[in-house]
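Number of protein chains: 2
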Amino acid sequence: MSKQVTVEILNIGDELLLGIRTNSHLTYLGKQLSLLGLKIDHCQVVPDKAEAINAAFAIAAKRSDVVIATGGLGPTEDDLTRESLAKLLGRKLIYNESIFDTIKDRFLKLGRNVSEVHKKQCYQIEGSQILKNDRGTAPGLLVKQELCTIILLPGPSHELIPMFEKQVIPYFKINSFAQEDNAYIQLRTCGIGESSVEEMVAPIVKQYGFAELAFCVHLGIVDVRISLADKTKNADQLKQVAEVCRLALGDHFVGYGDITLSQVIYHKLRHHQKTLAVAESCTGGLLGNAFTDIPGASKVFQGGVICYANEVKISQVGVPEEIIDQHGAVSGECAIAMASGVAENLSSDYGLSITGFAGPEGGNEDNPIGTIHIGFHSSFGIWGKRVRYLGGRMDVKARAVNAALDWMRRLLIGQEQTDIEEQNI
Amino acid sequence: MSKQVTVEILNIGDELLLGIRTNSHLTYLGKQLSLLGLKIDHCQVVPDKAEAINAAFAIAAKRSDVVIATGGLGPTEDDLTRESLAKLLGRKLIYNESIFDTIKDRFLKLGRNVSEVHKKQCYQIEGSQILKNDRGTAPGLLVKQELCTIILLPGPSHELIPMFEKQVIPYFKINSFAQEDNAYIQLRTCGIGESSVEEMVAPIVKQYGFAELAFCVHLGIVDVRISLADKTKNADQLKQVAEVCRLALGDHFVGYGDITLSQVIYHKLRHHQKTLAVAESCTGGLLGNAFTDIPGASKVFQGGVICYANEVKISQVGVPEEIIDQHGAVSGECAIAMASGVAENLSSDYGLSITGFAGPEGGNEDNPIGTIHIGFHSSFGIWGKRVRYLGGRMDVKARAVNAALDWMRRLLIGQEQTDIEEQNI
Numbered sequence: 000m001s002k003q004v005t006v007e008i009l010n011i012g013d014e015l016l017l018g019i020r021t022n023s024h025l026t027y028l029g030k031q032l033s034l035l036g037l038k039i040d041h042c043q044v045v046p047d048k049a050e051a052i053n054a055a056f057a058i059a060a061k062r063s064d065v066v067i068a069t070g071g072l073g074p075t076e077d078d079l080t081r082e083s084l085a086k087l088l089g090r091k092l093i094y095n096e097s098i099f100d101t102i103k104d105r106f107l108k109l110g111r112n113v114s115e116v117h118k119k120q121c122y123q124i125e126g127s128q129i130l131k132n133d134r135g136t137a138p139g140l141l142v143k144q145e146l147c148t149i150i151l152l153p154g155p156s157h158e159l160i161p162m163f164e165k166q167v168i169p170y171f172k173i174n175s176f177a178q179e180d181n182a183y184i185q186l187r188t189c190g191i192g193e194s195s196v197e198e199m200v201a202p203i204v205k206q207y208g209f210a211e212l213a214f215c216v217h218l219g220i221v222d223v224r225i226s227l228a229d230k231t232k233n234a235d236q237l238k239q240v241a242e243v244c245r246l247a248l249g250d251h252f253v254g255y256g257d258i259t260l261s262q263v264i265y266h267k268l269r270h271h272q273k274t275l276a277v278a279e280s281c282t283g284g285l286l287g288n289a290f291t292d293i294p295g296a297s298k299v300f301q302g303g304v305i306c307y308a309n310e311v312k313i314s315q316v317g318v319p320e321e322i323i324d325q326h327g328a329v330s331g332e333c334a335i336a337m338a339s340g341v342a343e344n345l346s347s348d349y350g351l352s353i354t355g356f357a358g359p360e361g362g363n364e365d366n367p368i369g370t371i372h373i374g375f376h377s378s379f380g381i382w383g384k385r386v387r388y389l390g391g392r393m394d395v396k397a398r399a400v401n402a403a404l405d406w407m408r409r410l411l412i413g414q415e416q417t418d419i420e421e422q423n424i
Numbered sequence: 000m001s002k003q004v005t006v007e008i009l010n011i012g013d014e015l016l017l018g019i020r021t022n023s024h025l026t027y028l029g030k031q032l033s034l035l036g037l038k039i040d041h042c043q044v045v046p047d048k049a050e051a052i053n054a055a056f057a058i059a060a061k062r063s064d065v066v067i068a069t070g071g072l073g074p075t076e077d078d079l080t081r082e083s084l085a086k087l088l089g090r091k092l093i094y095n096e097s098i099f100d101t102i103k104d105r106f107l108k109l110g111r112n113v114s115e116v117h118k119k120q121c122y123q124i125e126g127s128q129i130l131k132n133d134r135g136t137a138p139g140l141l142v143k144q145e146l147c148t149i150i151l152l153p154g155p156s157h158e159l160i161p162m163f164e165k166q167v168i169p170y171f172k173i174n175s176f177a178q179e180d181n182a183y184i185q186l187r188t189c190g191i192g193e194s195s196v197e198e199m200v201a202p203i204v205k206q207y208g209f210a211e212l213a214f215c216v217h218l219g220i221v222d223v224r225i226s227l228a229d230k231t232k233n234a235d236q237l238k239q240v241a242e243v244c245r246l247a248l249g250d251h252f253v254g255y256g257d258i259t260l261s262q263v264i265y266h267k268l269r270h271h272q273k274t275l276a277v278a279e280s281c282t283g284g285l286l287g288n289a290f291t292d293i294p295g296a297s298k299v300f301q302g303g304v305i306c307y308a309n310e311v312k313i314s315q316v317g318v319p320e321e322i323i324d325q326h327g328a329v330s331g332e333c334a335i336a337m338a339s340g341v342a343e344n345l346s347s348d349y350g351l352s353i354t355g356f357a358g359p360e361g362g363n364e365d366n367p368i369g370t371i372h373i374g375f376h377s378s379f380g381i382w383g384k385r386v387r388y389l390g391g392r393m394d395v396k397a398r399a400v401n402a403a404l405d406w407m408r409r410l411l412i413g414q415e416q417t418d419i420e421e422q423n424i
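Residue numbers (numbering that gives the first Met the number 0), protein chains in the order written: chain A, 0 to 424; chain B, 0 to 424.
Possibly wrong hints are sitting among the right ones.
When chains are identical, the list treats them as one kind, so a pair holds in a single copy or across two.
[Stated by the list, open to error] In silico SDA-like pairs for lysine to any residue, Cα to Cα no more than 25 Å straight-line:
no. : residue 1 : residue 2
1   : Lys-230   : Glu-321
2   : Lys-61    : Gln-3
3   : Lys-48    : Ser-377
4   : Lys-2     : Leu-34
5   : Lys-91    : Glu-360
6   : Lys-103   : Glu-321
7   : Lys-230   : Leu-410
8   : Lys-48    : Cys-215
9   : Lys-38    : Ala-182
10  : Lys-172   : Ser-23
11  : Lys-230   : Ile-258
For the record, the hints were derived by calculation from the structure and aren't laboratory data.
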């Protein structure tokens with residue numbers, strides 16, 4: 000690459016401007032392009048109107064090397080992307096029978112008949128290249144005009160994503176728009192503030208001299224992206240910096256990339272052939288859900304009890320009534336009783352529990368709104384931990400789940416280290 | 000309003016273009032502006048670079064009546080919105096001591112010291128109006144330039160939302176940018192396809208002749224927005240059309256606005272002073288979470304059991320082993336046993352259950368991947384219902400939860416009607 004390629008995204012669709020749908024395409028493409036070492040310089044979101052689409056294409060094609068447009072390729076009347084671009088470029092739309100055949104084949108397999116309305120999708124812009132759609136009817140198009148490459152992708156995510164990954168990324172690499180290796184390495188951390196993470200990794204990155212840092216914070220998680228500032232260095236050298244940072248982060252390091260806290264625990268438990276059960280009050284199912292989002296979770300996750308009412312804490316996970324009377328349902332004692340009780344009742348090796356006041360009501364002097372108690376039960380000990388979060392109900396719930404998962408992850412790491420040390424005695 | 004006001008959104012921030020954060024501001028503002036009868040005509044997303052922000056403001060101010068910019072008002076070096084706009088308009092930035100005093104007061108309450116870096120936020124554009132920030136340090140600004148009104152809002156959602164609702168919306172109404180009444184009425188439906196909803200409501204809307212329809216589909220829910228096409232008609236007349244549509248939709252109608260299925264059930268149960276417990280397998284906590292998202296849920300929701308492993312189905316909600324042997328854990332029989340068992344064990348009036356294959360593995364000939372069985376237990380009967388969804392694991396889980404909630408909602412409505420009829424005998 001002689002110079003930085005400028006990229007522009009054009010999202011087409013009324014629903015994005017009416018607040019009906021969130022612009023997830025921009026987020027997806029932003030992330031993918033970052034990994035390719037490309038930056039989005041502009042993004043325009045426009046309604047399904049020919050003049051608006053025309054104007055946006057005209058601005059984009061003038062200032063950007065690559066324009067990626069999403070949406071408006073469907074068969075209905077308000078799908079205008081193809082037509083608008085053809086008009087702007089002064090090119091014809093040419094009917095392509097092979098596109099129609101592909102749609103017909105697809106419908107045949109689904110037991111449906113293709114209708115005349117789909118013929119609209121069979122027109123391609125003169126001189127364009129077709130991007131096959133394995134998951135839907137509208138093919139994508141790739142058009143070169145002077146110095147600009149324009150890529151049209153369909154709106155539905157399950158069509159756009161495979162098309163981008165299987166056809167557009169390889170095109171970018173072959174045509175040297177993008178580099179072969181990932182442009183950054185992401186280290187995920189939890190249980191530590193952004194500034195502390197920065198203090199740990201910034202001196203390392205500075206010492207190597209050829210990498211740069213970016214941070215992203217979400218619900219108690221801090222992601223660190225390390226990328227090459229000096230393009231003469233290679234991916235192996237970047238990996239080396241990342242590895243040194245990982246070591247410096249110690250137990251704060253969760254994993255590379257987008258791995259979740261529950262996935263890390265899942266892998267550890269599978270490795271040791273152990274099982275887990277959860278008991279949760281204020282998070283009301285969200286902790287269990289973090290595990291059941293993992294395909295094959297049943298190999299590790301036995302299940303859980305959402306013990307929202309105090310009677311359920313007593314009857315289903317065996318919390319002694321005296322504990323609730325003496326310490327309250329939001330207490331370390333109750334959290335530990337929940338963790339131990341659910342592990343016993345569900346015959347699992349580990350028990351993890353959450354009880355707290357998620358708000359906006361509840362709380363008391365000792366445990367104001369936002370107070371969360373986490374309990375952990377294992378063969379190597381039982382623990383209770385107290386945390387507090389400010390924020391709305393949803394936010395407190397999500398942070399409480401991350402705190403519980405991160406804490407269990409750390410306790411498992413601690414025990415693994417103890418096991419190793421004991422073996423060495 | 001003599002003519003339609005054109006609105007443009009300018010979202011400023013690298014994180015939106017790097018795929019780190021989704022542009023939720025556009026979705027929020029799109030929805031709010033739609034309710035006000037305003038449409039967003041353009042949206043630009045630009046990085047934290049002075050030239051990019053300048054260029055975007057220049058384009059926007061030229062073509063739009065109202066420009067709402069978000070982000071870049073903070074105290075750090077890459078917050079450039081205020082400076083860029085002042086430069087473009089050829090106006091000075093004036094230090095305003097009262098902004099600093101407000102920040103100082105805020106920090107005092109939080110027990111923190113204000114630092115010099117916050118002085119950057121105390122500059123306002125010459126001739127601008129300050130929008131107070133109750134939740135953070137950066138005030139918003141409102142600037143009028145020739146025919147364009149430019150509004151600068153802070154990036155954090157918990158600061159932006161109250162500022163928009165308490166200060167910007169009233170400004171729009173006073174200055175006749177927006178109408179007094181909501182521009183549309185939303186009817187939420189569930190358990191029925193978009194085309195069927197359209198068949199039911201379109202003839203009604205057509206007959207009245209002054210309203211128009213828009214649809215939004217998400218996870219089994221179809222939202223219908225009815226708005227005035229003829230601006231000489233008023234809000235009461237729109238309400239009347241909506242009410243006729245509601246009656247035509249019958250039990251498919253969930254509620255007005257954004258009410259959730261679990262909220263509808265919650266209100267019904269509170270009204271009848273009844274309680275609920277849930278038992279869920281493949282949805283793994285998501286069903287319980289739908290209830291615990293509601294503040295004060297404990298008045299109705301007893302709790303639940305995430306009976307992921309078969310042993311947990313047997314031990315915790317009393318599913319007879321024979322049912323699992325004979326019919327399998329994914330069966331109507333098992334779903335009903337789960338619903339009845341959890342209601343009994345958790346001493347609740349109603350029991351709702353889900354068991355199924357969320358994929359990507361599992362399933363058999365009778366119950367392929369995506370098959371969901373829902374069970375319901377009540378004093379007026381027990382039911383099992385089978386549905387099937389194609390899609391990824393997350394999608395199947397979310398749809399299964401909506402299906403279970405919608406089905407319980409319908410059964411409750413049916414029973415309410417039976418009760419009324421019995422009273423009339």
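### Query
What are the numbers of the hints the structure violates, in ascending order?
1, 3, 5, 6, 7 and 11
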